[in-house]
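Produce the entire structure from the sequences given, and follow the hints as far as they go.
At position 249 of the sequence shown (counting the first as 1) the number is 250 in my numbering, and the numbers step up by one without a gap.
Mixed in with the good hints there might be a few duds.
[Said to hold, decoys possible] With a straight-line Cα cutoff of 25 Å, these simulated SDA-like cross-link-like pairs (lysine to any residue) come out:
1) Lys-70 - Ser-349
2) Lys-70 - Glu-364
3) Lys-254 - Gln-308
4) Lys-254 - Leu-232
5) Lys-382 - Gln-331
6) Lys-292 - Lys-70
7) Lys-251 - Gln-308
8) Lys-354 - Leu-316
9) Lys-70 - Val-89
10) Lys-271 - Ala-344
Everything labelled a hint here was simulated from the structure, so no lab data went into it.
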Amino acid sequence: MDQQLKHPSISSPEETKRSSRGKVILTTFIILLLLAGIVWWTRQQSAPQQAGAGRNGAPMSIVPETVGKGDIGINLNALGTVTSLATVTIKSQISGYLQNIDFKEGDEVKKGDLIAEIDPRPYQATLAQAKGQLARDEAQLKGAQVDLTRYQNLAAQNAVPHQQLDTQIALVGQYQGTVEADRASVQSAEVNLQYCHIVSPINGRVGLRQVDLGNYVTAGDATGLVVITQLEPISVLFTLPEDNLQAVAKRLKEGAVLPTAAYDRSGTNKLASGLLQTFDSQIDQTTGTIKLRAQFDNQPRTLYPNQFVNIRLLLDTHKDVTTMSTAGIQRGVPGTFVYLVNADSTVSVRPVKLGVTDGDRVEVISGLSPGDRIVIDGADKLREGAKVVVRNPADAANPAAAAKGASSAAAKDGAADSKAGGGKRKRSEDGQKQ
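Next comes the structure, spelled out in C-alpha coordinates:
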(Lines of atoms letter the chains of each structure in order from A and count residues from 1; the text may use other names and numbers.)
(Lines give C-alpha, C1' and ligand atoms only; values in the text may rest on other atoms or scores of the structure.)
Protein backbone atom coordinates (compact mmCIF):
# COMPACT_ATOMS: atom_id res chain seq x y z
CA MET A 1 0.00 0.00 0.00
CA ASP A 2 3.02 2.22 0.53
CA GLN A 3 3.83 1.95 -3.23
CA GLN A 4 3.43 5.36 -4.93
CA LEU A 5 1.15 5.47 -7.98
CA LYS A 6 2.30 7.60 -10.97
CA HIS A 7 -0.26 9.82 -12.67
CA PRO A 8 -0.71 8.76 -16.34
CA SER A 9 -0.59 12.37 -17.66
CA ILE A 10 2.72 13.21 -16.07
CA SER A 11 5.85 12.35 -18.15
CA SER A 12 9.29 11.80 -16.85
CA PRO A 13 12.11 14.21 -17.79
CA GLU A 14 13.72 11.60 -20.02
CA GLU A 15 10.54 11.12 -22.04
CA THR A 16 10.13 14.88 -22.45
CA LYS A 17 13.69 15.15 -23.76
CA ARG A 18 13.12 12.38 -26.32
CA SER A 19 9.90 14.05 -27.51
CA SER A 20 11.62 17.43 -28.05
CA ARG A 21 14.44 15.79 -29.97
CA GLY A 22 11.95 14.08 -32.27
CA LYS A 23 10.22 17.36 -33.03
CA VAL A 24 13.52 19.02 -33.93
CA ILE A 25 14.44 16.15 -36.22
CA LEU A 26 11.02 16.29 -37.94
CA THR A 27 11.21 20.05 -38.43
CA THR A 28 14.72 19.80 -39.84
CA PHE A 29 13.60 17.08 -42.24
CA ILE A 30 10.69 19.20 -43.51
CA ILE A 31 12.96 22.20 -44.07
CA LEU A 32 15.41 20.08 -46.01
CA LEU A 33 12.58 18.76 -48.19
CA LEU A 34 11.44 22.33 -48.93
CA LEU A 35 14.97 23.42 -49.82
CA ALA A 36 15.40 20.42 -52.10
CA GLY A 37 12.09 21.24 -53.82
CA ILE A 38 13.13 24.87 -54.39
CA VAL A 39 16.50 23.83 -55.83
CA TRP A 40 14.84 21.31 -58.13
CA TRP A 41 12.24 23.85 -59.34
CA THR A 42 14.94 26.49 -60.00
CA ARG A 43 17.00 24.06 -62.05
CA GLN A 44 13.98 23.03 -64.05
CA GLN A 45 13.20 26.69 -64.88
CA SER A 46 16.78 27.63 -65.82
CA ALA A 47 17.42 24.53 -67.90
CA PRO A 48 15.36 25.64 -70.98
CA GLN A 49 17.00 29.06 -71.01
CA GLN A 50 20.47 27.57 -70.78
CA ALA A 51 19.58 25.08 -73.47
CA GLY A 52 18.28 27.88 -75.72
CA ALA A 53 21.12 30.36 -75.23
CA GLY A 54 24.05 28.25 -74.17
CA ARG A 55 26.91 27.06 -76.22
CA ASN A 56 25.71 23.44 -76.23
CA GLY A 57 21.93 24.20 -76.46
CA ALA A 58 19.60 24.59 -79.43
CA PRO A 59 20.62 27.51 -81.71
CA MET A 60 18.62 30.72 -81.57
CA SER A 61 16.87 31.94 -84.71
CA ILE A 62 18.12 35.41 -85.75
CA VAL A 63 17.98 37.84 -88.69
CA PRO A 64 21.37 39.34 -89.63
CA GLU A 65 22.31 42.48 -91.52
CA THR A 66 25.51 43.32 -93.31
CA VAL A 67 27.16 46.56 -92.22
CA GLY A 68 27.66 48.89 -95.18
CA LYS A 69 28.81 52.36 -96.17
CA GLY A 70 26.75 55.34 -97.18
CA ASP A 71 25.73 58.91 -96.45
CA ILE A 72 24.18 59.97 -93.16
CA GLY A 73 22.37 63.27 -92.91
CA ILE A 74 22.44 65.55 -89.87
CA ASN A 75 18.79 66.46 -89.43
CA LEU A 76 17.11 68.89 -87.07
CA ASN A 77 13.53 68.02 -86.17
CA ALA A 78 10.96 70.63 -85.26
CA LEU A 79 7.24 71.32 -85.05
CA GLY A 80 5.79 73.76 -87.57
CA THR A 81 2.62 75.43 -88.78
CA VAL A 82 1.77 75.97 -92.43
CA THR A 83 1.37 79.68 -93.21
CA SER A 84 0.20 81.26 -96.45
CA LEU A 85 2.46 83.86 -98.02
CA ALA A 86 -0.59 86.01 -98.83
CA THR A 87 -4.11 85.94 -97.42
CA VAL A 88 -6.44 88.66 -98.73
CA THR A 89 -9.93 89.51 -97.48
CA ILE A 90 -11.80 90.97 -100.46
CA LYS A 91 -13.73 94.04 -99.36
CA SER A 92 -15.73 96.60 -101.27
CA GLN A 93 -14.20 100.08 -101.49
CA ILE A 94 -17.54 101.67 -102.37
CA SER A 95 -21.15 101.28 -101.28
CA GLY A 96 -23.81 99.68 -103.41
CA TYR A 97 -25.90 96.63 -104.15
CA LEU A 98 -24.07 93.42 -105.04
CA GLN A 99 -25.18 92.85 -108.60
CA ASN A 100 -23.17 89.80 -109.60
CA ILE A 101 -20.90 87.16 -108.02
CA ASP A 102 -18.41 85.76 -110.52
CA PHE A 103 -16.81 82.97 -108.49
CA LYS A 104 -17.63 79.61 -106.97
CA GLU A 105 -16.45 78.62 -103.55
CA GLY A 106 -13.19 76.74 -103.83
CA ASP A 107 -12.29 78.10 -107.28
CA GLU A 108 -8.74 78.85 -108.29
CA VAL A 109 -8.39 82.47 -109.40
CA LYS A 110 -5.60 84.44 -111.02
CA LYS A 111 -4.55 88.00 -110.36
CA GLY A 112 -7.03 90.31 -112.14
CA ASP A 113 -9.89 87.79 -112.38
CA LEU A 114 -13.35 89.26 -111.77
CA ILE A 115 -14.73 88.39 -108.32
CA ALA A 116 -17.94 90.41 -108.01
CA GLU A 117 -19.79 93.42 -109.46
CA ILE A 118 -21.58 96.25 -107.70
CA ASP A 119 -24.41 98.19 -109.36
CA PRO A 120 -22.45 100.80 -111.40
CA ARG A 121 -25.32 103.14 -112.41
CA PRO A 122 -24.94 105.69 -109.58
CA TYR A 123 -21.22 105.95 -110.27
CA GLN A 124 -21.76 106.24 -114.01
CA ALA A 125 -24.07 109.18 -113.39
CA THR A 126 -21.52 110.79 -111.07
CA LEU A 127 -18.85 110.41 -113.73
CA ALA A 128 -21.08 111.98 -116.38
CA GLN A 129 -21.82 114.90 -114.10
CA ALA A 130 -18.12 115.44 -113.39
CA LYS A 131 -17.30 115.36 -117.09
CA GLY A 132 -20.05 117.92 -117.86
CA GLN A 133 -18.79 120.26 -115.18
CA LEU A 134 -15.26 119.89 -116.55
CA ALA A 135 -16.41 120.76 -120.06
CA ARG A 136 -18.23 123.88 -118.80
CA ASP A 137 -15.27 125.13 -116.82
CA GLU A 138 -12.88 124.45 -119.72
CA ALA A 139 -15.09 126.60 -121.95
CA GLN A 140 -15.03 129.41 -119.39
CA LEU A 141 -11.26 129.10 -119.18
CA LYS A 142 -10.92 129.32 -122.93
CA GLY A 143 -13.08 132.51 -123.05
CA ALA A 144 -11.08 134.09 -120.25
CA GLN A 145 -7.83 133.26 -122.06
CA VAL A 146 -9.14 134.96 -125.27
CA ASP A 147 -10.06 138.09 -123.29
CA LEU A 148 -6.64 138.04 -121.64
CA THR A 149 -4.93 138.02 -125.02
CA ARG A 150 -7.04 140.99 -126.16
CA TYR A 151 -6.30 142.97 -122.98
CA GLN A 152 -2.60 142.30 -123.32
CA ASN A 153 -2.59 143.81 -126.86
CA LEU A 154 -4.58 146.82 -125.75
CA ALA A 155 -2.43 147.35 -122.70
CA ALA A 156 0.63 147.47 -124.93
CA GLN A 157 -1.02 150.42 -126.71
CA ASN A 158 -2.13 151.99 -123.38
CA ALA A 159 -5.72 151.54 -124.48
CA VAL A 160 -6.88 149.84 -121.25
CA PRO A 161 -5.81 150.32 -117.66
CA HIS A 162 -3.30 147.85 -116.22
CA GLN A 163 -5.71 147.11 -113.38
CA GLN A 164 -8.17 145.57 -115.81
CA LEU A 165 -5.38 143.45 -117.31
CA ASP A 166 -4.37 142.21 -113.86
CA THR A 167 -7.98 141.32 -113.06
CA GLN A 168 -8.23 139.30 -116.24
CA ILE A 169 -5.00 137.45 -115.46
CA ALA A 170 -6.39 136.48 -112.02
CA LEU A 171 -9.65 135.33 -113.57
CA VAL A 172 -7.78 133.02 -115.99
CA GLY A 173 -5.83 131.53 -113.08
CA GLN A 174 -9.08 130.97 -111.19
CA TYR A 175 -10.60 129.12 -114.11
CA GLN A 176 -7.45 127.01 -114.52
CA GLY A 177 -7.75 125.90 -110.89
CA THR A 178 -11.41 125.08 -111.36
CA VAL A 179 -10.59 122.98 -114.41
CA GLU A 180 -7.91 121.05 -112.47
CA ALA A 181 -10.40 120.34 -109.69
CA ASP A 182 -12.95 119.16 -112.26
CA ARG A 183 -10.40 116.82 -113.81
CA ALA A 184 -9.66 115.36 -110.36
CA SER A 185 -13.39 114.84 -109.84
CA VAL A 186 -13.57 112.99 -113.15
CA GLN A 187 -10.65 110.77 -112.15
CA SER A 188 -12.27 110.05 -108.78
CA ALA A 189 -15.54 109.12 -110.47
CA GLU A 190 -13.69 106.87 -112.89
CA VAL A 191 -11.90 105.11 -110.00
CA ASN A 192 -15.17 104.58 -108.14
CA LEU A 193 -16.68 103.19 -111.31
CA GLN A 194 -13.75 100.75 -111.59
CA TYR A 195 -14.34 99.71 -107.99
CA CYS A 196 -17.73 98.44 -109.09
CA HIS A 197 -15.78 95.58 -110.69
CA ILE A 198 -13.97 93.78 -107.85
CA VAL A 199 -10.99 91.74 -109.06
CA SER A 200 -8.55 89.37 -107.35
CA PRO A 201 -5.25 90.98 -106.30
CA ILE A 202 -3.36 87.66 -106.06
CA ASN A 203 -3.30 84.11 -107.37
CA GLY A 204 -4.98 81.79 -104.93
CA ARG A 205 -7.93 79.75 -103.82
CA VAL A 206 -11.30 81.28 -103.06
CA GLY A 207 -12.81 80.39 -99.71
CA LEU A 208 -16.43 80.45 -98.55
CA ARG A 209 -18.33 83.59 -99.50
CA GLN A 210 -19.47 85.90 -96.72
CA VAL A 211 -22.30 87.72 -98.56
CA ASP A 212 -25.06 86.77 -100.95
CA LEU A 213 -26.23 88.25 -104.20
CA GLY A 214 -28.33 91.40 -103.76
CA ASN A 215 -26.85 92.48 -100.43
CA TYR A 216 -25.94 96.10 -99.90
CA VAL A 217 -22.21 96.30 -99.23
CA THR A 218 -20.22 99.20 -97.87
CA ALA A 219 -16.55 100.06 -97.55
CA GLY A 220 -16.71 99.56 -93.78
CA ASP A 221 -17.81 95.89 -93.83
CA ALA A 222 -15.56 93.94 -91.45
CA THR A 223 -16.18 90.47 -92.87
CA GLY A 224 -15.74 91.38 -96.53
CA LEU A 225 -17.02 89.40 -99.49
CA VAL A 226 -14.62 86.42 -99.49
CA VAL A 227 -11.09 85.41 -98.49
CA ILE A 228 -8.50 84.44 -101.12
CA THR A 229 -5.53 82.42 -99.89
CA GLN A 230 -2.30 81.84 -101.79
CA LEU A 231 -1.37 78.15 -101.75
CA GLU A 232 1.42 78.03 -104.33
CA PRO A 233 4.02 78.60 -103.04
CA ILE A 234 3.38 78.28 -99.32
CA SER A 235 5.56 78.52 -96.25
CA VAL A 236 5.97 76.76 -92.91
CA LEU A 237 6.95 78.54 -89.72
CA PHE A 238 8.77 76.35 -87.21
CA THR A 239 10.95 76.80 -84.16
CA LEU A 240 14.35 75.46 -83.18
CA PRO A 241 16.27 75.70 -79.90
CA GLU A 242 18.60 78.67 -79.77
CA ASP A 243 21.54 76.26 -79.44
CA ASN A 244 21.04 75.27 -83.10
CA LEU A 245 21.01 78.84 -84.39
CA GLN A 246 24.77 79.19 -84.84
CA ALA A 247 25.00 76.03 -86.93
CA VAL A 248 22.10 77.08 -89.15
CA ALA A 249 23.37 80.64 -89.54
CA LYS A 250 26.83 79.39 -90.44
CA ARG A 251 25.48 77.13 -93.18
CA LEU A 252 23.34 79.91 -94.64
CA LYS A 253 26.25 82.35 -94.53
CA GLU A 254 28.32 79.85 -96.50
CA GLY A 255 25.65 79.92 -99.19
CA ALA A 256 24.40 76.42 -98.52
CA VAL A 257 20.91 75.43 -99.60
CA LEU A 258 19.25 73.60 -96.72
CA PRO A 259 16.56 71.13 -97.84
CA THR A 260 13.49 71.00 -95.63
CA ALA A 261 10.89 68.24 -95.56
CA ALA A 262 7.40 68.43 -94.09
CA TYR A 263 5.84 65.30 -92.56
CA ASP A 264 2.35 64.61 -91.28
CA ARG A 265 1.34 64.52 -87.62
CA SER A 266 2.65 60.96 -87.18
CA GLY A 267 6.03 61.90 -88.66
CA THR A 268 6.03 58.95 -91.08
CA ASN A 269 4.41 60.26 -94.28
CA LYS A 270 6.31 62.91 -96.22
CA LEU A 271 4.01 65.67 -97.44
CA ALA A 272 6.28 68.11 -99.30
CA SER A 273 9.87 69.13 -99.91
CA GLY A 274 11.14 72.69 -99.77
CA LEU A 275 14.03 74.95 -98.85
CA LEU A 276 14.87 77.00 -95.79
CA GLN A 277 14.42 80.72 -96.52
CA THR A 278 15.48 82.60 -93.41
CA PHE A 279 15.19 82.85 -89.64
CA ASP A 280 13.84 85.52 -87.32
CA SER A 281 15.98 88.34 -85.95
CA GLN A 282 15.05 87.73 -82.31
CA ILE A 283 15.05 84.77 -79.93
CA ASP A 284 11.92 84.17 -77.89
CA GLN A 285 13.22 84.60 -74.34
CA THR A 286 10.25 82.78 -72.80
CA THR A 287 10.93 79.52 -74.68
CA GLY A 288 14.55 79.89 -75.75
CA THR A 289 13.66 79.18 -79.38
CA ILE A 290 13.88 81.03 -82.68
CA LYS A 291 11.46 81.00 -85.61
CA LEU A 292 12.47 79.90 -89.09
CA ARG A 293 10.61 79.99 -92.40
CA ALA A 294 10.80 77.34 -95.11
CA GLN A 295 9.10 77.66 -98.48
CA PHE A 296 7.41 74.85 -100.44
CA ASP A 297 6.14 74.79 -104.03
CA ASN A 298 3.07 72.86 -102.84
CA GLN A 299 1.96 71.92 -106.35
CA PRO A 300 0.32 68.67 -105.14
CA ARG A 301 -1.63 70.78 -102.60
CA THR A 302 -0.63 68.66 -99.62
CA LEU A 303 -0.13 71.69 -97.36
CA TYR A 304 -2.89 74.03 -96.20
CA PRO A 305 -2.70 77.10 -93.95
CA ASN A 306 -2.72 76.45 -90.19
CA GLN A 307 -1.91 72.76 -90.76
CA PHE A 308 0.31 71.12 -88.14
CA VAL A 309 3.41 69.43 -89.61
CA ASN A 310 6.67 67.90 -88.48
CA ILE A 311 9.73 69.54 -90.05
CA ARG A 312 13.01 67.80 -90.81
CA LEU A 313 15.80 70.24 -91.71
CA LEU A 314 18.88 68.71 -93.35
CA LEU A 315 21.75 70.69 -91.85
CA ASP A 316 24.69 68.69 -93.24
CA THR A 317 25.64 65.25 -94.60
CA HIS A 318 28.40 62.85 -93.52
CA LYS A 319 29.43 61.13 -96.74
CA ASP A 320 30.81 57.62 -97.23
CA VAL A 321 30.70 56.52 -93.57
CA THR A 322 30.03 53.13 -92.00
CA THR A 323 26.32 52.69 -91.35
CA MET A 324 24.08 50.10 -89.75
CA SER A 325 20.45 49.64 -88.80
CA THR A 326 19.29 51.07 -85.48
CA ALA A 327 17.50 47.75 -84.85
CA GLY A 328 20.85 46.12 -84.09
CA ILE A 329 21.79 48.47 -81.26
CA GLN A 330 21.90 46.87 -77.81
CA ARG A 331 22.57 48.60 -74.50
CA GLY A 332 23.72 46.91 -71.32
CA VAL A 333 26.69 46.37 -69.05
CA PRO A 334 29.25 46.69 -71.90
CA GLY A 335 27.62 49.98 -72.88
CA THR A 336 26.40 50.28 -76.45
CA PHE A 337 27.09 47.05 -78.32
CA VAL A 338 25.92 44.74 -81.08
CA TYR A 339 25.89 40.98 -81.53
CA LEU A 340 28.40 40.13 -84.24
CA VAL A 341 27.63 36.97 -86.25
CA ASN A 342 30.78 34.86 -86.59
CA ALA A 343 31.69 32.45 -89.36
CA ASP A 344 31.02 29.42 -87.10
CA SER A 345 27.34 30.42 -86.59
CA THR A 346 27.97 31.87 -83.16
CA VAL A 347 27.66 35.44 -81.93
CA SER A 348 29.99 37.63 -79.95
CA VAL A 349 29.46 40.89 -78.13
CA ARG A 350 31.06 43.84 -79.95
CA PRO A 351 31.07 47.30 -78.28
CA VAL A 352 30.50 50.12 -80.77
CA LYS A 353 30.68 53.91 -80.79
CA LEU A 354 27.84 55.55 -82.68
CA GLY A 355 27.49 58.92 -84.40
CA VAL A 356 24.47 60.69 -85.82
CA THR A 357 21.20 58.93 -86.54
CA ASP A 358 19.17 59.40 -89.72
CA GLY A 359 15.83 57.60 -89.60
CA ASP A 360 16.51 53.89 -89.13
CA ARG A 361 20.22 54.20 -90.01
CA VAL A 362 23.00 55.21 -87.65
CA GLU A 363 26.63 56.14 -88.21
CA VAL A 364 29.22 53.78 -86.72
CA ILE A 365 32.35 55.62 -85.62
CA SER A 366 34.24 52.59 -84.32
CA GLY A 367 33.74 48.90 -83.53
CA LEU A 368 32.50 47.63 -86.90
CA SER A 369 33.72 47.51 -90.48
CA PRO A 370 31.78 47.29 -93.74
CA GLY A 371 30.98 43.64 -94.43
CA ASP A 372 30.47 42.62 -90.81
CA ARG A 373 27.18 40.88 -90.03
CA ILE A 374 25.19 41.90 -86.97
CA VAL A 375 21.95 40.65 -85.43
CA ILE A 376 18.97 42.95 -85.98
CA ASP A 377 16.19 40.56 -84.88
CA GLY A 378 16.16 37.78 -82.31
CA ALA A 379 18.79 39.22 -79.95
CA ASP A 380 16.64 39.05 -76.81
CA LYS A 381 18.14 35.85 -75.35
CA LEU A 382 21.56 35.88 -76.96
CA ARG A 383 24.82 35.92 -75.06
CA GLU A 384 28.50 35.67 -75.83
CA GLY A 385 29.24 32.54 -77.88
CA ALA A 386 25.60 31.51 -78.35
CA LYS A 387 24.82 29.38 -81.38
CA VAL A 388 22.47 30.87 -83.94
CA VAL A 389 20.62 29.83 -87.04
CA VAL A 390 20.18 32.51 -89.70
CA ARG A 391 16.76 33.17 -91.15
CA ASN A 392 15.66 35.54 -93.87
CA PRO A 393 14.31 38.99 -93.00
CA ALA A 394 10.97 37.87 -94.47
CA ASP A 395 10.75 35.21 -91.75
CA ALA A 396 10.66 37.94 -89.13
CA ALA A 397 7.09 38.67 -90.18
CA ASN A 398 6.20 34.95 -89.96
CA PRO A 399 7.16 33.71 -86.49
CA ALA A 400 5.53 30.32 -87.04
CA ALA A 401 7.75 29.51 -90.00
CA ALA A 402 10.79 30.80 -88.15
CA ALA A 403 9.97 28.66 -85.12
CA LYS A 404 9.48 25.64 -87.35
CA GLY A 405 12.88 26.26 -88.92
CA ALA A 406 14.52 26.63 -85.54
CA SER A 407 12.81 23.43 -84.31
CA SER A 408 14.03 21.55 -87.36
CA ALA A 409 17.56 22.75 -86.73
CA ALA A 410 17.32 21.75 -83.09
CA ALA A 411 15.93 18.35 -84.06
CA LYS A 412 18.83 17.81 -86.43
CA ASP A 413 21.30 18.73 -83.71
CA GLY A 414 19.49 16.39 -81.29
CA ALA A 415 19.57 13.55 -83.81
CA ALA A 416 23.25 14.09 -84.36
CA ASP A 417 23.89 14.01 -80.61
CA SER A 418 21.81 10.81 -80.26
CA LYS A 419 23.70 9.18 -83.08
CA ALA A 420 26.99 10.14 -81.52
CA GLY A 421 25.81 8.83 -78.13
CA GLY A 422 24.63 5.55 -79.70
CA GLY A 423 28.02 5.05 -81.29
CA LYS A 424 29.72 5.56 -77.96
CA ARG A 425 27.40 3.01 -76.26
CA LYS A 426 28.02 0.48 -79.04
CA ARG A 427 31.78 0.83 -78.71
CA SER A 428 31.44 0.39 -74.95
CA GLU A 429 29.38 -2.80 -75.33
CA ASP A 430 31.90 -4.19 -77.81
CA GLY A 431 34.68 -3.50 -75.29
CA GLN A 432 32.77 -5.33 -72.53
CA LYS A 433 32.21 -8.39 -74.75
CA GLN A 434 35.89 -8.56 -75.48
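A quick look at each hint next to the structure:
1. Lys-70 - Ser-349: Holds, at about 22 Å.
2. Lys-70 - Glu-364: This hinted pair holds, its Cα atoms lying about 9 Å apart.
3. Lys-254 - Gln-308: 30 Å, violated
4. Lys-254 - Leu-232: Between Lys-254 and Leu-232 the Cα gap is close to 29 Å, so the pair fails against 25 Å, i.e. violated.
5. Lys-382 - Gln-331: This hinted pair holds, its Cα atoms lying about 12 Å apart.
6. Lys-292 - Lys-70: 35 Å, violated
7. Lys-251 - Gln-308: 29 Å, violated
8. Lys-354 - Leu-316: OK: Lys-354 and Leu-316 at ~22 Å, within 25 Å.
9. Lys-70 - Val-89: 51 Å, violated
10. Lys-271 - Ala-344: 40 Å, violated
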